[in-house]
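Chemist: Here the protein sequences come in this chain order: A and B. As numbered in the working numbering, residues 1 to 467 make up the first sequence, in order. As numbered in the working numbering, residues 1 to 467 make up the second sequence, in order.
Please note: incorrect hints may appear among the correct ones.
Remember, identical chains collapse to one label, so a pair may be satisfied in a single copy or spanning two.
[Stated by the list, open to error] In silico SDA-like links for lysine to any residue, alpha-carbon gap of 25 Å or less:
no. : residue 1 : residue 2
1   : 433       : 177
2   : 437       : 283
3   : 57        : 47
4   : 109       : 409
5   : 433       : 178
6   : 437       : 426
7   : 433       : 181
8   : 227       : 197
9   : 336       : 372
10  : 433       : 176
11  : 111       : 413
12  : 433       : 283
13  : 109       : 347
14  : 396       : 28
15  : 111       : 339
16  : 94        : 426
17  : 109       : 348
18  : 111       : 341
19  : 109       : 342
20  : 349       : 112
21  : 111       : 22
22  : 109       : 406
23  : 388       : 91
24  : 111       : 155
25  : 391       : 29
These aren't lab readings, by the way, just hints derived from the structure by calculation.
Protein chains: 2
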Amino acid sequence: MPVDNFSSYFNPQGIIIAGARRSMGFGFDIPIFLKEHGWGERTFLVNPSGGELHGMKLYQRVAEVPDPVDLAIVIVPANAVPGTLEEIGTRGIKHVIIESAGFAETDDKGKALQEEVEATARRLGLRVIGPNCVGVVNTENRFASTDVIEEALTPGPVSIIAQSGVFGNILLDFLHERGLFISKAITLGNRIDVNECDMLDYLDDDPTTEVIIIYLEGAADGRRLWKTLRRVTKKKPVLILKSGKTPEGKQATASHTGSLSGEDDIYNAVFAQTGAVRADHLDHLLDLAKTFTTQPLPKGNRFGIMTSSGSMGALATDIAVSNGLVVQPLSPSTVKQVREIAPDWMNVKNPLDTGPSMIFNQFLPLIMNDPLVDMVLAIIAVPYSAMKLIKQLGMKLEDVFGDLESMRAQFPQDKPLVMTVVGHGDFVDDISKIAGKSIPVFTSPESATQALAGLWRYSRMRQDNSC
Amino acid sequence: MPVDNFSSYFNPQGIIIAGARRSMGFGFDIPIFLKEHGWGERTFLVNPSGGELHGMKLYQRVAEVPDPVDLAIVIVPANAVPGTLEEIGTRGIKHVIIESAGFAETDDKGKALQEEVEATARRLGLRVIGPNCVGVVNTENRFASTDVIEEALTPGPVSIIAQSGVFGNILLDFLHERGLFISKAITLGNRIDVNECDMLDYLDDDPTTEVIIIYLEGAADGRRLWKTLRRVTKKKPVLILKSGKTPEGKQATASHTGSLSGEDDIYNAVFAQTGAVRADHLDHLLDLAKTFTTQPLPKGNRFGIMTSSGSMGALATDIAVSNGLVVQPLSPSTVKQVREIAPDWMNVKNPLDTGPSMIFNQFLPLIMNDPLVDMVLAIIAVPYSAMKLIKQLGMKLEDVFGDLESMRAQFPQDKPLVMTVVGHGDFVDDISKIAGKSIPVFTSPESATQALAGLWRYSRMRQDNSC
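Use the sequences and the hints to build the structure in full.
Modeler: Structure below.
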């Protein structure tokens, strides 16, 4: 088995938990998690005290664990890590996740201990994720080196690389609420060995990963990151949230995972040159992921907006134009078709303000089919009282807004379509149901527009590179 | 009654609905709304057909309506508006809300009609809100000239001035979901008479209005806006979302309410000079409102962060420093106090990364009391699985995070405190409950920080002006 094959991390044959224990914490939880998710027979708990935990045998030494084992999860106290690595190396295991904290992220003593761990791992030829991380998640086989909630295990197209363990773990708690489901997740921690580039390479080849999102505080190896991003983004979009934009922000993370963040301008240049899409903030990162996982890449940057409120159309237009999109008039043929069905008072332009015309479902296909439009944002802002009335009259929301999901399937497949619904929470939920999984629904015009602008930025890079 | 007393708009003695009708629409809904909210006896419906609607008499002419009436809500078709205004003027009513659309927002014919309406109103000495609006809401007496959902009628400290009718109406549908409750709302529409300055003046004197939020596409009178804002912001914060940042964004609204937006740089200068706080986008506007209505003004810009995740602290720091806040070390006395209770591995600095120490409730008061900290953001990012375990162990979230609401009451009253909870929706809800109404809870570190930065911007202006 070559050392750079990471499959043991994501699909291990047998797993050692060094530091399983009876008191609250990872050492108590992770064995339960693995047992409940079908990994009980392949999981071997190690604790010098021996005995049993959760009905599983506690081996006193790593050497006693039977074959096959190819992954070790280390949760022992920091100062016991070097010795544990010796046992692991001797046992012939090559892949290790060190979840223990108390290293370079704390103080000089921790830093020295981390150097010892690094030297030990190198001498033994181990690959190491961590320390100070929660390791990996693979939804395909429901394997995880940390306790993950059930909702996070629904397989999906997004894979996550997070430098911070908490960050990665927390994302898994609520991504499903935003309609995002993952394939793999990796938290890197202090990165004494495995870094973001290793994982980018792995995910590049991973057939179930379609979109990669990264939370980064600083590159482990800037030159390699440049080369790796450049290669990976040709195949898969890479969305990056990077902290440390300001010196103070850098300092905030410097000791956190023991890395000093680099200069922000350089990062911006690297991301721009390599086609990685940088998110402005946490919500933006998730908005981008939602759009990249559901929408095709646009052929151009011509942005068509239809809206039931002129104000929301104007807010979207401002953000679009400020972010490289073009809001230009609709094609004469579309204008003609819209005029044929539009009420007299309607001003037929882009954004198309449909007002209270209530034939949203007839306008949307016309905008989508416009040859001068490369991507579409449909904004619904209708007072809830009007919606209640529609329901009281025995009408369905679909009668007004159309069967959006099936409509989407008929539209040209190279045109992204996203929606914004501003209003009562129940109304947002109702429209989201009609929109289905193929149309992302946002709750502000600006966030939807920024997500599409990111999609275009990536699409343009792909076009430039293919020329 | 002097013409510039707007109390008839918000607390009318008697109301005429010109254009009450039996078919779906405002003319059908508004009478129901008024009747259901205790205004039935003071509401008089007018429709030339006569008869009854919702058990209320339909007067055939405005002249037939009995005394007292001091407000007319006009919902007749656009071309019937001038004639209706004549009837209203003759009847001695001085305050009118024209909700009818089909004026300058449509085409040249509509523009001409609007000019006629404007001339008629002026000749008759009428004050007019509209046309193309939904008028006013007053939660104190549950009066509204439009159909508003029940949840929006809970009285609160925010008043809204919106140039767009839909915009204002939609806000009322979901502000309560964000913990925001209103005193008054006014939608201005095409502004042939009453404009944002009139309403700013009114709200300036309104005892139940504490914070004013404005959605603006363009100023009706730039010079007056400057003067008015300068005066009002000395007493009450004014938060503004303005579209038309770009030429295309301006064009999007130009015909919408018949106004041409001004130059964005000038607006920025006006807002900066007058102490109005401009929101970057819709969510930012609401985040600002949530913070301004619950937090005191900070004395300075020194920002203290405590966080259970270093990554979130770094993201907050970046945004803070980019927006005029200072993230500097904690005072020696605070550092000493924190060290006394902190686990060994904790790196005591600002942001204070508490990690999984689980004594969040002990750290927060120390940061709040730090003499070198003017405002605090507390970030909770804890894996949901850990929270579930805490509950299984029979502990309450309060045991870990403290009784935040009562704790807040003990803290120095001049220090804003906001929270960010990143994670599972249920966890966000649970913490929000503990935080109560006095601590706003955000779901991203950046949005919380931006809200505090806005609070500081306003506070600094108030300090500058009082010198």
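Chemist: Taking 25 Å as the upper bound on the Cα-Cα distance, should residue 433 and residue 283 be classified as within, between, both, or neither?
Modeler: both (21 Å within a copy, 23 Å between copies)
Chemist: If the cut is 25 Å between Cα atoms, do residue 111 and residue 413 qualify within a copy, between copies, both or neither?
Modeler: neither (53 Å within a copy, 41 Å between copies)
Chemist: At most 25 Å between C-alpha atoms: does residue 227 with residue 197 qualify within a copy, between copies, both, or neither?
Modeler: The answer is within: 9 Å in one copy meets 25 Å, while 57 Å across copies does not.
Chemist: At 25 Å max between alpha carbons, let me know whether residue 109 reaches residue 406 within a copy, between copies, both or neither.
Modeler: neither (61 Å within a copy, 39 Å between copies)
Chemist: Go through the copies and call it for residue 349 and residue 112: within, between, both or neither, with a Cα cutoff of 25 Å.
Modeler: between (66 Å within a copy, 21 Å between copies)
Chemist: When no copy is named, should residue 111 and residue 22 be tagged within, between, both, or neither for a Cα gap of at most 25 Å?
Modeler: Classified as neither: same-chain Cα gap 29 Å, cross-chain 78 Å, threshold 25 Å.
Chemist: Classify it for me, residue 396 with residue 28: is the Cα-Cα distance of at most 25 Å met within a copy, between copies, both or neither?
Modeler: Answer is between; shortest inter-copy Cα gap is 20 Å, intra-copy 51 Å.
Chemist: Go through the copies and call it for residue 388 and residue 91: within, between, both or neither, with a Cα cutoff of 25 Å.
Modeler: Classified as neither: same-chain Cα gap 67 Å, cross-chain 36 Å, threshold 25 Å.
Chemist: Taking 25 Å as the upper bound on the Cα-Cα distance, should residue 437 and residue 426 be classified as within, between, both, or neither?
Modeler: The answer is both: 18 Å in one copy and 23 Å across copies each meet 25 Å.
Chemist: Given a CA cutoff of 25 Å, do residue 109 and residue 409 count as a within-copy pair, a between-copy pair, both, or neither?
Modeler: Neither: 59 Å inside a copy, 40 Å across copies.
Chemist: Can you give me the call for residue 109 and residue 342, within, between, both or neither, at a CA distance of at most 25 Å?
Modeler: Between. Shortest inter-copy distance 17 Å satisfies the 25 Å Cα cut-off; intra-copy 73 Å does not.
Chemist: Checking an output row: residue 111 and residue 341, CA cutoff 25 Å. Within, between, both or neither?
Modeler: Classified as between; 23 Å across copies, 71 Å inside a copy.
Hint compliance for this structure: hints 4, 11, 16, 21, 22, 23 and 24 are broken, all remaining hints hold.
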